[in-house]
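In case you want the letters, here they are:
2 protein chains.
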Amino acid sequence: MLLIKTIPELRAALAGKNVAFVPTMGALHDGHIALMSAARTYADTVVASIFVNRLQFGPNEDFDRYPRSLDADCARLDAAGVSVVFAPDEAELYPEPQVYQVDPPVIANEIEGAFRPGHFRGVATVVLKLFNIVQPRVALFGKKDYQQLTILRGLAGQLALPLDIVGVDTLRADDGLALSSRNQYLSAAERAEAPQLYQALCSVRDAVFAGERDFARLEQQTAAALDARGWQTDYIALRRRADLALPQPGDEALVVLAASRLGSTRLIDNLEIRATATGADA
Amino acid sequence: MLLIKTIPELRAALAGKNVAFVPTMGALHDGHIALMSAARTYADTVVASIFVNRLQFGPNEDFDRYPRSLDADCARLDAAGVSVVFAPDEAELYPEPQVYQVDPPVIANEIEGAFRPGHFRGVATVVLKLFNIVQPRVALFGKKDYQQLTILRGLAGQLALPLDIVGVDTLRADDGLALSSRNQYLSAAERAEAPQLYQALCSVRDAVFAGERDFARLEQQTAAALDARGWQTDYIALRRRADLALPQPGDEALVVLAASRLGSTRLIDNLEIRATATGADA
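So the sequences go chain by chain: A and L. So the first sequence is numbered by this note's numbering: it starts at 35 and just counts up by one. So the second sequence is numbered by this note's numbering: it starts at 35 and just counts up by one.
Do not rely on the hints blindly, as some may be mistaken.
Chain L side only, calculated, beta carbon under 8 Å to chain A, not exhaustive [as the list claims (entries may be wrong)]: (1) His63; (2) Tyr134; (3) Pro138; (4) Ile167; (5) Leu195; (6) Pro196; (7) Leu252; (8) Gln254; (9) Gln255.
Using C-beta positions, here's what the derived DEER-type ranges look like [what the hints assert, rightly or not]: (10) Pro151/A - Pro283/L: 47 to 55 Å; (11) Asp198/L - Ser71/A: 34 to 42 Å; (12) Pro196/A - Arg88/L: 19 to 27 Å; (13) Phe97/A - Asp98/L: 30 to 38 Å; (14) Asp78/A - Asp208/L: 39 to 47 Å.
Just so you know, these hints were derived from the structure itself, not from any lab. The model shown is predicted, which means the values in this text are computed figures rather than measured ones. For glycine and all other residues, C-beta sits at the position ideal for the given N, C-alpha and C.
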């Protein structure tokens, strides 16, 4: 496995290669490794990037304390069959202020974007730049960041990027907690409580299966139930999968998205559901 | 020469090819043909696109009456050694509203951008999309649209596009008028007057050579002289070439940009100059 830190070296190493690409911010867990395994089914050369992208963090977010563990990450990526790790420093990727950015559509300001202004603009910009550097044929993203995946699919389609975007199912602990680099912020007591976020999503799924169609009430009740346990919920949002718009009558393929804080740690999760129980995927 | 109208056909035709690309809006003149000739020195396969891009026209601009002459354009491109013409219709390039756009830096709202709000956002967005479709190794643009060239260079650099941007000198009629598709809007009397725009730029160059350093006064006097001849001048702007910022003491490589209307036709032009006469390039 090659560890490469500059754009020219990366381009030289990848020239002519058929690449599957997994962008990450490091602090890798089994969910990332599942992405690498999936990537190997798409191309001989798997490239992972590790870059904590300042553009996608708000001024009061956790950019500075975001966990960094390059050596351990590389060991895991090597074991996962990754060919090349691209780990540029900030001066390589942003040698000057990034004044050309991607302006995403209004959905980027809703749901997660309503609580993290500019987040998806920063994500879309760095991912587009990484795509231009790596030039992959396929890029893989976890469904854990569902809105990110949706926005990057839109970006790739609307800008006619010469690659496919693949979403990979969220990996969960045995108790249901979605794997996340931010889980390591949790105290033992918080870790024990944390699976309740996934349980809340499951309760929404069950209520929709049972016929609940007042989605606003369902969202509100679910958030209130979490908050009664000590969470501070930013949103529980039932949307249709394709574009994360509000569901219209007849929409079957839905997703419920959630963000909530336990102490100082903000967790997000989501669950794809169907408006009527077909047993297909939830 | 192939005339191709869809993205999949274009990608199939260009797979594995080393491409020099010249995006145009059609209505081709000798200036465009000079771009094609320059392109042939960079790659075996020259691709020209013809697409009148609605995104870069303001609501009161000339999108609907912009000249369209596909058959004549193709004949000229064929004779110029172009391999492939990509002429998508709007439904191919914008099958739905283009909600992912490039957000360019503040310079895009100055000079020409101050008079055409959103113009460079539209240009940057369509050019980025065309780059993703054509995947050229080099793309060529005329210096006639100097601010466009500067912004596209910035775009390519900041988004790490895997291509080089080449600027090609403006082609002029014998009387100095810069060739432009919009020249065909001019009446005979306007056509006779039109070279005065270039003369105005030359007078700015001569004044700077002669030691004039009050650039604001020089800009204003030059505009007033044109307007006294019946022009309506939007701007005469002395900037430094690299980033089109206001010149600072010591800046040598400058450019003077102009936009002015003759009747209902708006003409733009520019001239690269040096702050001190070295004879190098002006």
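Any hints this thing doesn't respect? Which numbers, in order?
Violated: hints 1, 7, 8, 9, 10, 13 and 14.
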